[in-house]
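K.L.:
Listed below, chain by chain, are the residues.
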Amino acid sequence: MPGIVERSRKKSPWLFHINTGSCNGCDIEIMASLAPRYDVERLGCVLVGSPKHADVLLVTGPVTRQMYPRLMNVYRQVPEPKAVVVVGSCATSGDVYAGSHVIEGPVDVNIPVDVYVVGCPPRPEAILKGVAEAVQKKFGG
Amino acid sequence: MTLAVMFPGVFVLSLLYSGFDRKLHARMQRRVGPPLIQPFYDFVKLMNKERIIPAAASPSVFVTVTALAAASSMLGASVLMTNLVMEASFVGDIMLVMYLVLMTAALTMIGGSSSGNPYGAIGFSRRVGMLLGYEVPMLISLLIVSYRSGLTLSFYDMVAAQSIADVVLAFSPGAALASLVFALCIPAAAGVVPFDIPEAKTEVAYGYLIEYGGPYLGLLKLAKEVTNFTLSLLFFTLFIYAPQSFPVVSAYNEWVNLLFILVGALAVYMVTITLPRTLFARMKLGQALRFYVWVWALSLVSAGLVMVGY
Amino acid sequence: MSEPKEIEFEYSRLVVPFGPIHPALKEPVHFKVTVRGEEILDVDLVLGHAHRGIELLAQERNILQNLYLTERICGICSHTHTTCYAQAIEEVKGIQIPERAAYLRALIFELERVHSHLLLLGVMAYEIGYDTLFMQIWNMREAVLDLFEEVTGNRVHHSMNVIGGVRWDLTPVMALRVSRVADGVEDAQRRIRTAFMDRTVKKRLVGVGVMSRADARASCLVGPTARASGLTMDVRKDDPYAAYSELKDDYSVVVSDGMDAMARVDVRVRELAESVNIIRAILGRLPPGEIRLKESPMRAVKVPEGEAVSRVEAPRGELIYYLRTDGNEGLRRLKVRTPSQANFAGIRQMMVGGELADVPVILASIDPCMSCTNRLTVVDEGAGRQMNVGLDELRRRRASTS
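Protein chains in written order, with the working numbering: chain V, 301 to 441; chain E, 137 to 446; chain R, 23 to 424.
These are computed hints drawn from the structure, not numbers from a lab.
Treat the hints with care, since some could be wrong.
Residues on chain R that point at chain V, a partial pick, calculated with CB under 8 Å [said to hold, decoys possible]:
id : residue
1  : Ala72
2  : Arg74
3  : Ile95
4  : Cys96
5  : Glu164
6  : Gly175
7  : Arg177
8  : Val291
9  : Cys391
Note that the Cβ used here is the ideal one computed from N, Cα and C, for glycine as well.
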């Protein structure tokens, strides 16, 4: 019954958040989206603690040299089908850190990205919209 | 035959109860929360994901454990439900149910330790510690119920005995302590805060669940949810439900009776599983075990009281 | 530092890696925790995962661009970084900011302290499994973030500071809203205090991560972490900056003798009340006038050669900036010593002897900001020593050149 599977994937996207060296602004806004005001759980999203449980990978931060192998490792551990959402301007393009010699490029140089949520930091509503769009794009019809 | 039919029924009910639990938890935190059928979406999604087995794990153990855990928990719940619906029972079925619940816990522990991840090993050792704490008091309180129902080991006879005696065990002296003991053991058996030490999210990154993804995780979560359902149902029917005490209900036909039981079990689920999860912080292993020493003592006291005749 | 315990049998030791990706840690840091059962025997710390080369980048950019660069060293204490930086530059240029600007800087400073402490208290509740308290506290924090958005235009990374003053002014309507939020915070902190007195919470926090006063001083802890071990140190009182010299009598430094994680949490809760006092004093005494010096950005960027040391009291402790300008538009050197860097020195002592379950609790109690903590240390392998410069040395050098 393909309809049910698709619908379930859209209704239950589990998020895993990885910080590749960001300033914390975006990470705080991601945590704020759990708070009662934005409440991401009503969309069925749960912030899980292991990449193996996740559907959507939220990446923040310009990829620092130390975090680069970890990012690749985590990306491989997320089971298919998966979506990657890049949160924040420094993950999208480097922001103020562009040109630094310890940054391994923005995220899309390393892994395929589905949705970019720009802002420094983006608001929780923008992050929610980014997740919803990624889910629609990757899992939906 | 009825047993096989019960499997889907148990599946639907357990996931529904889990949905109620998440909704109530969210509402108590002043959030909106997921829709009630969210666990169904979660299950279907998980079953359709890619299967990943860690390289350091032993594949046969790793995989079979999940299927066995789900199967044994569903069997336990189905036995219980079948006996309720058919109003029949066989000797020792209550022991079978308890054994299956214990088996589920043991299987999940083995799965965690077979994953080759140090967090899984820690989860395993913590779970062993917790088992020491809650398993025996639960058994003692069940034996007390059996004693009060005329030393029978069959489930429906116990329920029937209460209805004849017209006494609700949870409110009668002696056995009231036994019901308290059982209620205190439920959060640990269900693995919720304050006793979710083996699968603490912030300490050991889910403990034994850490390496499971996709369909394996789906089966393990199902096992957990069915266990919770079994425990609440057991508590309600053995300790609170006595048809004679609710004459309004027993006057109707058996389907209304069944509905009443299910609603009562849901209420027990909310009180023993959702409320502690929302209101308390997690304990450390040493503190939890010290708490369960008191529960042991309580259970022995209540056994003593019942033996003497109260 | 405590000596490692005597271990008779090796087989029961397990090295558990914590991080850099872990549900308890929102930021990357790596611990190798050696445990036997649940007891912690040793902790090894590996920092540097968020190293972005900011100090090197600062040398390639001009003064104004560095204002936005330093802001993004950390998302939680961004205003403190820009204040410290702006003060250092103003000191080199020898300019004095208007009084109203100083008061507004202090106002946003205290609001940031409130939001940072609320954040930490919520995170602490989350670490001990108390999700409900985490949700409630972060809900209260949203009111403060709304206020930031009204006054400065953004919830995080306010960019309130410019060289020579602040960017936005406070209208009377906004001032009223600020005072109402301050009342809400005061009410909230009372409720938070009660919540943290709950029995299950106390069991997790009391007696965990103990650090005596002598050890705290020897490890050079700063901020609320040090104040919870009995040390009275607060840059706002010891070395006043912005408007704090005039606000001396409106608040008191919160010190506790608990020495454990509970004391650190308690210090921060009480500091919320003190911040509210400061905010009320600022609103009451806000002087009229300009909010920034009238200077075009082209003129602002030209800074004479010189060096400066600037200190502020960030929510986590003492933040020190040293910078040296090159006479053109850029910096020859920027050195940042963040409070989290200092507080990490005490981690090993706090953790050894505790339980594995205490690791996230202890970590959260020192309020680490990993993105502030990544610096390079130059090690001279030949001579076998590290090249460190102390604060007195910096002061001496500044006095000799300027």
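K.L.:
If a hint holds in the structure, say so; if it doesn't, say that too.
P.N.:
Structure-based check of all given hints:
1. Proximity of Ala72/R to chain V holds as hinted, the smallest CB-CB distance being about 4 Å (cut-off 8 Å).
2. Because the closest C-beta pair between Arg74/R and chain V is about 5 Å apart, less than 8 Å, the hint holds.
3. The closest approach between the C-beta of Ile95/R and any C-beta of chain V is roughly 6 Å, which is under the 8 Å cut-off, so the hint is satisfied.
4. Among the interface hints, the one on Cys96/R holds; its C-beta lies about 6 Å from the nearest C-beta in chain V, closer than the 8 Å criterion.
5. Annotation: Glu164/R was flagged as interfacial toward chain V, and the flag holds, the nearest CB pair being 5 Å apart, inside 8 Å.
6. With its C-beta approaching chain V no nearer than about 12 Å, Gly175/R sits outside the 8 Å limit, and its interface hint is violated.
7. Evaluation of the Arg177/R hint against chain V yields a held restraint, the C-beta minimum of about 7 Å falling below 8 Å.
8. Interface hint at Val291/R: violated, since its Cβ lies 19 Å from the closest Cβ of chain V, which is beyond the 8 Å cut-off.
9. Hint status for Cys391/R relative to chain V: holds, with the closest Cβ pair at about 7 Å, below 8 Å.
The structure fails hints 6 and 8 (numbered hints given earlier, in ascending order).
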